[in-house]
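Undergrad: This is what each chain is made of:
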Amino acid sequence: MMLPALITDNWYDIRDLGNLSHEILYQLNRVLPDGLVYVIAALLGFVAAFLIFVLPSQLYVGVLGERKIIGRIQSRYGPNRVGKFGVLQPIADAIKLMQKEALTPKGADKVVMWTAPIIFVAPAVLLFAVIPFGPKMVFADIPAGIIYFMGVSSIPVLAAFMAGWSGNNKYSLFGAMRIVAMTISYEVPLVLALLGAVLLTGSMSLQDMVWWAKHNHIWLVFVQPLAFVIYFICVSAELNRTPADIAEAESEIVAGYLTEYSGMKWGLFYGMDIGYALAASAFAATVFLGGWSFFGIDRWVPPWMIFIGKTHLFYLVFIWTRGTLPRLRSDQLMSFTWKFLLPLALVNLVIVATEKTIWNKATDGDLDAAWVFIFAAVNIVLAAVAVYLWARLVGYRPEDVPTKPRLVKEAGGYIPAPAPEVR
Amino acid sequence: MHGFGPSLAFWVLAILTLVSAGGVMMVRNLLHAVLFLIVTFLGVAGFFVLLSAEFLAMAQIVIYVGAIAVLVLFAVLLTPRAGRDNGETRWAGPAVLLSVALLAVMLFVIKDTHWSTVVESPELTVADLGRALLNRWVLPFEIASVLLTAALIGAIMLVRSPEEEAEDALA
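Protein chains in written order, with this note's numbering: chain A, 1 to 423; chain W, 1001 to 1171.
Misleading hints may appear alongside valid ones.
As the list claims (entries may be wrong) - Distance ranges between label pairs, derived from CB positions:
#1 W/1003 - A/36: 16 to 22 angstroms
#2 W/1112 - A/51: 40 to 46 angstroms
#3 A/55 - W/1101: 58 to 64 angstroms
#4 W/1006 - A/36: 20 to 26 angstroms
#5 A/412 - W/1029: 56 to 62 angstroms
#6 W/1006 - A/374: 46 to 52 angstroms
#7 W/1155 - A/329: 23 to 29 angstroms
#8 W/1154 - A/398: 55 to 61 angstroms
#9 W/1029 - A/31: 38 to 44 angstroms
#10 A/396 - W/1154: 49 to 55 angstroms
#11 W/1151 - A/115: 55 to 61 angstroms
#12 W/1147 - A/381: 38 to 44 angstroms
#13 W/1005 - A/309: 57 to 63 angstroms
#14 A/335 - W/1029: 31 to 37 angstroms
Stated by the list, open to error - Listed next, the stretches of chain A that the computed footprint assigns to chain W, with coverage defined by at least 3 CB atoms under 8 angstroms from CB atoms of chain W:
#15 136-144
#16 180-190
#17 288-301
To be verified - Sample of chain W residues lacking proximity to chain A, with all beta carbon distances greater than 12 angstroms (derived):
#18 1018
#19 1045
#20 1126
Calculated from the structure, these hints are not laboratory results.
Beta carbons: idealized from backbone N, C-alpha and C, even for Gly.
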């Protein structure tokens, strides 16, 4: 795979930190005994990942930024007491959670209740293995990266189910059943939407999809707007975030599957909810927003910074929807995915398959980039038309909703005949 | 498969898979049995990785852990008598007989198969797999699809209540 000219193999080229870590490990391997370098590599990766991604994303965008921005949306300040502007609030939260006692109810299934947070945490870390942070900054560029991502991200649902079931509390069991039902339903349109992206780029490796975006000078979000919208809705339902957080709906079922958890065991669930949202943002940034590429600017700005910026941008949309939209009911979410998202995902798939065939035939296998721009324009129009028509078909009539009060007679209502006069 | 790492991985995976498969049969609690079953599926996915069949491993996790196990959990929760444990049934005798027969068949197949090994693992991509499925093996592939669709329709027909049938007949 060719690299852009300006990213060199020199260790001081911070546009790709892969060079630096490779150089450090290479030099260490010459002086250290055999095999020890693997231990060093793990430690180095941990420290580097913590400094450039986990600390700014998880603590400052995820915990503090989310609370601050939701506070502003709801006309309040959000945390502002610990440190200047509340910057030390996440650390204070963590210390508080670690001090608290992690209670276990008497009737709980103790082993399952203890293992559930552990199973919930591990996949969040595994998900980032296939995410490319830069041209060389990817841990495992496996050919079936998207399927890996889908597979690993289906494991936390089981952990959430275990958490809800083991508490021996009817509210946590309700939460567990809701999360399982939601995941089964929303997985279908999500995978179909991603299938459109795979079909167009012709690859399941995330790194190849970024190269596709860079090669064609267009992000997939413009070519596949419908798939992007479907992905966003489905993933916010799967991540259990408002407006679809019915699994821990605090106004209905206490705290859903987390009802019986406290202390750091609860903290792991809370922290990793943010971790999964970040992983989904990183995945969406890679597939739909062009990953680390940015129309040539990635020659001067380090690609990993561009990538992290895009991830945070996507995460801000999550926060925004969480702060503004009301929660839906369980049955509304179910009928929305089966009656609305699934048919639209199928329509999208048909459109993409047709376009890919046209593209292959017209350019005789040698894919010409100019076609993508035509498809992008066509697809944006088609997506808007499809959403509008399908919404009308399933019964959305904005013109029937009155904006000002009307008389019953004008609205076509029933007016009872006047009672006969009594003499 | 040689070298210390793969051998260690093989034995760890083998022990994990067999112990959890035993757990599925042994434990009393039905939900614990399902959780053990999930560990078994993950262990099998690990074997696929060891055999350099990454795509199959991913598919194993997506289909078995992500979909089937979740469906089984759901079914157990919705079963009215799920509180009844995984205890003795009068089918224990026939089940043992069936397992012994199955074991005999499998042992015979294992002994009879000519196990050929290759020195260099062939470079197989996902695209190759897709081509094989849609060119050479397209008929079995389509038959499987039709079978699954039939199963889906059959399941819907089974769970429809008589009231719904009556409503549809009126409409």
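Undergrad: Could you run down the list of hints and mark each one as holding or not?
TA: Going through the hints against the structure:
In this structure the hint that residue 1003 of chain W and residue 36 of chain A lie 16 to 22 angstroms apart at CB holds, the actual value being about 19 angstroms. A hinted range of 40 to 46 angstroms is violated for the C-beta pair residue 1112 of chain W and residue 51 of chain A, which are about 58 angstroms apart. Remark: the range hint 58 to 64 angstroms for residue 55 of chain A to residue 1101 of chain W is upheld by a beta-carbon distance near 59 angstroms. Between residue 1006 of chain W and residue 36 of chain A the beta carbon distance is about 21 angstroms. The supplied range of 20 to 26 angstroms therefore holds.
The supplied range of 56 to 62 angstroms is met by residue 412 of chain A and residue 1029 of chain W, whose beta-carbon atoms lie about 60 angstroms from each other. Here the CB-CB span from residue 1006 of chain W to residue 374 of chain A is close to 50 angstroms, well matched to the stated 46 to 52 angstroms. The given range of 23 to 29 angstroms is respected by residue 1155 of chain W and residue 329 of chain A, whose C-beta atoms sit roughly 26 angstroms from each other. As the Cβ distance of residue 1154 of chain W to residue 398 of chain A is approximately 40 angstroms, the hint placing it in 55 to 61 angstroms is violated.
Separation of residue 1029 of chain W from residue 31 of chain A is about 54 angstroms and departs from the stated range, judged on CB atoms against 38 to 44 angstroms. The hinted range of 49 to 55 angstroms is not satisfied by residue 396 of chain A and residue 1154 of chain W, whose Cβ atoms lie roughly 34 angstroms apart. Take residue 1151 of chain W and residue 115 of chain A: their Cβ atoms lie about 33 angstroms apart, and the range 55 to 61 angstroms is violated. The beta-carbon spacing between residue 1147 of chain W and residue 381 of chain A, approximately 39 angstroms, falls within the hinted interval of 38 to 44 angstroms.
Between residue 1005 of chain W and residue 309 of chain A the CB atoms are about 38 angstroms apart, so this pair departs from the stated range of 57 to 63 angstroms. As the Cβ distance of residue 335 of chain A to residue 1029 of chain W is approximately 34 angstroms, the hint placing it in 31 to 37 angstroms holds. Here's how the stretch 136-144 of chain A fares: 3 of its residues keep a CB closer than 8 angstroms to some CB of chain W, so the rule of at least three is met and the hint holds. Under a criterion of three residues with beta carbons nearer than 8 angstroms to beta carbons of chain W, the stated coverage of the stretch 180-190 of chain A is upheld, 5 such residues being counted.
Counting residues of the stretch 288-301 of chain A whose beta-carbon sits less than 8 angstroms from any beta-carbon of chain W gives 0, not enough to reach three: the coverage restraint is violated. Distance check for residue 1018 of chain W against chain A: the nearest CB is about 20 angstroms away, which clears 12 angstroms, and the non-interface claim stands. For residue 1045 of chain W, the shortest C-beta to C-beta distance to chain A comes to about 8 angstroms, within the 12 angstroms cut-off, and the non-interface label is violated. At roughly 5 angstroms, the least C-beta separation between residue 1126 of chain W and chain A is not larger than 12 angstroms, which violates its mark as non-interface.
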